[in-house]
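There are 4 protein chains.
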Amino acid sequence: MTDGDLFERDAASAALGITIVERESGHAVATMLVREDMLNGFGIMHGGLIFALADTAFAFACNDSSAVTLAAGADITFLRPVKLGQRLVAHASVRSLSGRSGIYDVTVRDETDAAVAEFRGRSRTVGPPAPPSR
Amino acid sequence: MTDGDLFERDAASAALGITIVERESGHAVATMLVREDMLNGFGIMHGGLIFALADTAFAFACNDSSAVTLAAGADITFLRPVKLGQRLVAHASVRSLSGRSGIYDVTVRDETDAAVAEFRGRSRTVGPPAPPSR
Amino acid sequence: MTDGDLFERDAASAALGITIVERESGHAVATMLVREDMLNGFGIMHGGLIFALADTAFAFACNDSSAVTLAAGADITFLRPVKLGQRLVAHASVRSLSGRSGIYDVTVRDETDAAVAEFRGRSRTVGPPAPPSR
Amino acid sequence: MTDGDLFERDAASAALGITIVERESGHAVATMLVREDMLNGFGIMHGGLIFALADTAFAFACNDSSAVTLAAGADITFLRPVKLGQRLVAHASVRSLSGRSGIYDVTVRDETDAAVAEFRGRSRTVGPPAPPSR
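Just so you know, the sequences run in chain order A, B, C and D.
When you read off a place in the first sequence, starting at 1, and then add 2, the result is the number in the working numbering.
When you read off a place in the second sequence, starting at 1, and then add 2, the result is the number in the working numbering.
When you read off a place in the third sequence, starting at 1, and then add 2, the result is the number in the working numbering.
When you read off a place in the fourth sequence, starting at 1, and then add 2, the result is the number in the working numbering.
Hints are not guaranteed to be accurate.
[What the hints assert, rightly or not] Derived coverage of chain B by chain C (criterion: at least 3 residues anywhere in the stretch with Cβ under 8 Å from a Cβ of chain C; other residues may be distant): (1) 18-29; (2) 100-106; (3) 118-126.
Everything labelled a hint here was simulated from the structure, so no lab data went into it.
Bear in mind that the values here come from a model prediction, so they are computed numbers and not experimental data.
Think of the CB as a built atom: it goes at the ideal place given N, C-alpha and C, for glycine as much as any other residue.
Generate coordinates for the entire structure from the input sequences, incorporating the hints supplied.
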């Protein structure tokens, strides 16, 4: 699997308009524009979609060509409400690795550079990479 | 705000095909069908969308007509991969309340009734309800 | 390893005055009296020791004679301050199991039966039981 | 309250042999020697006491003379078992602040400089400082 393959096949991130703008081992940056169909009943961005952006950045930070690493879990704290039309940026970085487990931190910021959410992902490496889909 | 209003205005949950099938004070049940545009690069459901389903159930369990309660944060553990075509069900229940803070547990199950994710939400009541949108 | 062995060898829980009052597969109850040497600089119980009580109950709920299960991690929410002289009770129960991973919930209550903390532990079974110490 | 006061009155941290070795606004470093009475039934350090060390570092990073800030909750991931006789060091740093809420990260390392636990604390500022005790 190459870097491109994993993202090209990620239909969910594509449907949410998520773009990976940087990616290297242990680090990734993803962006997303807040659309009308991402607002909850209070008229602010649905927390689940803020999580989805962070989770995508996390997945790209912890997967390279040498193994398949999955999200075992994550914690998110929502710091500020997010409004329609904002472009969010999520920076993901590895914090600690131990055996097959890893901890990755993701900060999601809005256009004013204020942190809107802090996410911490727990990864688990489960095996060698899958063959490319065809 | 009536129960119906909050959900009718929730464009994000609607776009994800989430339906609220039960709702009473401190408890809610939401369902969602796993579509092609919800799969990640590994061909399984994107964890962010499992989170979104749980988060919606959580929001409906902690909001009633007397106040606005927001998600301050949440933790999720992913227990099993979720495949295309599954109908997921998320049960949310209040666990503890203290002042303006609350803890809600949400279990997401697949069609075999196996738990695919355990979510724990932290709520914060921030004020009286907003007037109905018009 | 028998039930008694694991507890008899637990010097840390003994030093904290923790007693296991109930124990069966997937469930345990532990109690602890709040002593002067457990208070922090604000004159209330140190959160780390509330965590330690919950963590002990969790360990006894997830270990039986068939395997060694360790805490991979945990989340705790502190709901109310705890005062000197209170007897706390922690109830731990399994919530979900999947392969070698488990989720256990622990509620810590004070003498008024109010929840003072909600703890969720993540377990990982790592191997067969160790031989009895001698 | 001065910085010194909060620590001088912290009986729990004193009983655990915890020392604050650095402290400035938003940052603190605490150390602790692993004693026999800190081991669990598996002969390794009780996770609750690793948490207690991290929680103390967190408390000193988020409290200064201008307000009282309490731990609302925390998540910890245990990365490696900790043995008798090790001197642990916990570095706590603020990550994000928003209104009365804050997120602090604490890494606990052993003498080989390996991370043994990653802790993330959620703080809540509740009011002005208490008058000095007398």
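Cross-check of the supplied hints:
no.	hint	in the structure
1	18-29	violated (count 0)
2	100-106	holds (count 3)
3	118-126	holds (count 3)
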